[in-house]
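2 protein chains.
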Amino acid sequence: MKRRVLKFGGTSVASIDKIKAIAEYLKDRTARDEQLVVVVSAMGKTTDELLKTVSSITKTPKEQDLAVLLTTGEQQTISYLSIMLNDLDVAAKPLTGFQAGIETVGHHLKSKISKINTDYFEQLFEIHDVLIVAGFQGFNTDGEITTLGRGGSDTTAVALAAALESPCEIYTDVAGVYSTDPRIYPEARRLEEVSYEEMMEMSALGAGVLVTRSVEIAKNYNIPIYLGKTLSDERGTWVMARTEMLEKKAVTGVALDKDMIHVTLTYPQYDTVLLDNTFMYLEQEEINVDMISQITNNDGLQLSFTMKDTEETQIQKIFSKLQEVYPDLYVKIEDRFVKVSVIGSGMRDMTGVASKVFRTLIEANVPFYQVTTSEISISYVVDADNGEHAARLLCGRFDL
Amino acid sequence: MKRRVLKFGGTSVASIDKIKAIAEYLKDRTARDEQLVVVVSAMGKTTDELLKTVSSITKTPKEQDLAVLLTTGEQQTISYLSIMLNDLDVAAKPLTGFQAGIETVGHHLKSKISKINTDYFEQLFEIHDVLIVAGFQGFNTDGEITTLGRGGSDTTAVALAAALESPCEIYTDVAGVYSTDPRIYPEARRLEEVSYEEMMEMSALGAGVLVTRSVEIAKNYNIPIYLGKTLSDERGTWVMARTEMLEKKAVTGVALDKDMIHVTLTYPQYDTVLLDNTFMYLEQEEINVDMISQITNNDGLQLSFTMKDTEETQIQKIFSKLQEVYPDLYVKIEDRFVKVSVIGSGMRDMTGVASKVFRTLIEANVPFYQVTTSEISISYVVDADNGEHAARLLCGRFDL
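Just so you know, the protein sequences line up as chains A and B, in that order.
The first sequence begins at 1 in this note's numbering and counts up by one.
The second sequence begins at 1 in this note's numbering and counts up by one.
These are calculated hints, taken from the structure and not from any lab test.
From the three backbone atoms N, C-alpha and C, an ideal C-beta is built for every residue, glycine too.
Keep in mind that a hint or two might mislead.
[Claimed, not checked] Dumping the calculated DSS-like pairs for lysine-lysine here, alpha-carbon to alpha-carbon at most 25 Å:
(1) K18(B) <-> K52(A)
(2) K20(A) <-> K52(B)
(3) K59(A) <-> K59(B)
(4) K20(B) <-> K27(A)
(5) K20(B) <-> K59(A)
(6) K52(B) <-> K62(B)
(7) K18(B) <-> K62(A)
(8) K62(A) <-> K27(B)
(9) K62(A) <-> K59(B)
(10) K52(A) <-> K59(B)
(11) K52(B) <-> K52(A)
(12) K18(B) <-> K59(A)
(13) K356(A) <-> K2(A)
(14) K18(A) <-> K59(B)
(15) K45(A) <-> K52(B)
(16) K20(A) <-> K62(B)
(17) K62(B) <-> K27(A)
(18) K45(B) <-> K45(A)
(19) K27(A) <-> K229(A)
(20) K20(A) <-> K18(B)
[Unchecked claim] Covered stretches of chain B, going by a simulated chain A footprint (3 or more residues, C-beta under 8 Å):
(21) 53–63
(22) 75–83
(23) 94–105
Please model the complete structure; the sequences and the hints are all you need to start from.
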């Protein structure tokens, strides 16, 4: 009996009819002698609706309370899917994050999975063919309900796959990973395979298919991930170790990160305590800052960094706190930049990628403000207006 | 510091604004040096809406799955209330049935509370003033989510009050208990006090204020219950031990149970196995049957009993099962009868109540079909058309 972990996202379970279609599909899969762990998100706009109600109450809900509320969304999906499967005579059981033993650490709304107890799964598989797990949620050592933050249901699925030593299939409304966003560059190709490293760069750089943490877990436990389109025969993309891959190419993708904000702090004098406090608060709130630059001159201190715009509320909170102590602290938050990245694990062995990128942008008169590189990627901060144009030029240049 | 358990029902928390008003009220209570456990139901029609969605999937959902679904309703209410209280600077914490340690036994949708671990409450009260508990839900020894069935949130509240040795205040949209339904008999008086026994008879007989199990628990642990109107100064009713009560009257109330169905089984021969199976199935499904009568004559077997109409689906299921084995079994379900009851713990010491009731009904030409008595009540089955009339006559007769 083969075991598989499958994950269906919010748009795949947006209505009762869509969940029904998935139930039928899962029945077919079990008929092929498979035992399934199925991770589901909240139905379509459920989470947004709950958040909308909360915003009518307060702008600053307590995170613990919010986690308790948001997890009801996935809990409803697991119930509906289980009702349907049992009605189709497939022995199914719904499990909340707590019941699935998904232990987490960290902030209530941005927790990380620390442990999964699979003994319970083995026991349940003795009399069930499908175990349905609420994605995005877990519990901490205080017994409190937590959520995993952005891309949390994917992380639930990959972590369960790692714990159960099974492949992981993640289904969304797009078939797999493209060399770049097809809406920007219509000639973009679907990739049959990408390495964990390439996928991680793509996620971290904003390609938006799979969050970095999910890929990290898959890489650490060497779990192959299939990214496919829900209920479609269209071929998707396998994310796996590079050694198992057929294709080798210097550049496999171009990513464009628009959901980025640029924060600049200005303070009339150089103050190491202020700098220290800033980074301490950022760490406490578990905010990932990207490209950091710091300038000290006669006008005092200037610190800039980029970060995800989803964390704007928390960053505002941090700076309000800092401004109570430092009334002269001036904070500017802008979204006029985007980040364009060229990714390919082949960059390691092949030279000349960086110079080709530079030349392409210079020839096209696209100014760039900051450049960062990793072993398998190069990223450029450019004006928001130039982002898509730059991405298209680079796709053409590397024949993607 | 005084400790109190408060419970607010579905209509009291039907909207965000209503929950806000309750949050403000609770803040005032904590300002009076009270520590509160607040039990809440699902918001207004939430449960009905979830059930409606389920009925679009199947008529026979698995009970385990349904329990997982329904409990999301209360989980949302506890989150909203906690968000509001914390926003008002009241240290509050939401707890699901599981987190509140409400252990249950029995069917998933009709569980009974077997144990509550209050150690956790003591620990939480060290840093919180209000603990908000999702009513109606718990978990069984298999770690599965369960619900408590009809009136479950009241039972949660009373059981918590018993475990914490605190009085219990139950708030609804009606102020307390009336001698009879004021819609039937406008002269009905609100009772200031009723004994546990009287309240139990009223609940069991369909007065519909508090389910019997809740009163039973309160009686066993001698917990006084206050039945009041949400956010109103109007005086309610105390339910307490008779020894503490001031008022002594033979008859304190008249109850009318309309939510009753009358089931008749007819089978061409006398068959003890059939009878045995019928009662075994009823017990397995935890269906409470009331007045039972059985006739055996030349035409075979006839068994009649009355029961709550809320359990009609289950009873249909049982009889479908029986009819597979006994194709000649004929089942008739009617709702043409109602039950009128006269209740009063004073009946124990005062005589003549039964004869007064009989005479009243006979003089008014109200035929009755079955009579049952307990130590403190007498119940009559009458035609549905005569129910309200009979109740009014009896209220007048006993000066209620």
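These are the hints, each one checked on the structure:
1. K18(B) <-> K52(A): holds (17 Å)
2. K20(A) <-> K52(B): With Cα atoms ~16 Å apart, K20(A) and K52(B) stay inside 25 Å; holds.
3. K59(A) <-> K59(B): violated (41 Å)
4. K20(B) <-> K27(A): Given that 25 Å is the threshold and the Cα spacing comes to 45 Å, the pair is violated.
5. K20(B) <-> K59(A): It holds: about 15 Å lies between the C-alpha atoms, which stays within 25 Å.
6. K52(B) <-> K62(B): With a Cα-Cα distance of about 15 Å, the restraint between K52(B) and K62(B) holds, given a limit of 25 Å.
7. K18(B) <-> K62(A): With a Cα-Cα distance of about 20 Å, the restraint between K18(B) and K62(A) holds, given a limit of 25 Å.
8. K62(A) <-> K27(B): Judged against 25 Å, a Cα distance of about 17 Å means the pair holds.
9. K62(A) <-> K59(B): Roughly 39 Å separates the two Cα atoms, so the pair is violated.
10. K52(A) <-> K59(B): violated (33 Å)
11. K52(B) <-> K52(A): Holds. K52(B) to K52(A) sits at ~24 Å (cutoff 25 Å).
12. K18(B) <-> K59(A): holds (19 Å)
13. K356(A) <-> K2(A): violated (46 Å)
14. K18(A) <-> K59(B): holds (19 Å)
15. K45(A) <-> K52(B): With Cα atoms ~19 Å apart, K45(A) and K52(B) stay inside 25 Å; holds.
16. K20(A) <-> K62(B): holds (16 Å)
17. K62(B) <-> K27(A): Given that 25 Å is the threshold and the Cα spacing comes to 17 Å, the pair holds.
18. K45(B) <-> K45(A): Holds, at roughly 20 Å.
19. K27(A) <-> K229(A): Distance of about 18 Å is within 25 Å: holds.
20. K20(A) <-> K18(B): Since the Cα atoms of K20(A) and K18(B) sit roughly 36 Å apart, the hinted pair is violated (cutoff 25 Å).
21. 53–63: Held - the segment 53–63 of chain B has 8 residues with a Cβ nearer than 8 Å to chain A, which meets the minimum of three.
22. 75–83: Per the Cβ count (7), the hint holds.
23. 94–105: Coverage by chain A holds for the segment 94–105 of chain B (4 residues, Cβ < 8 Å).
The structure is inconsistent with the numbered hints 3, 4, 9, 10, 13 and 20, although it conforms to all the rest.
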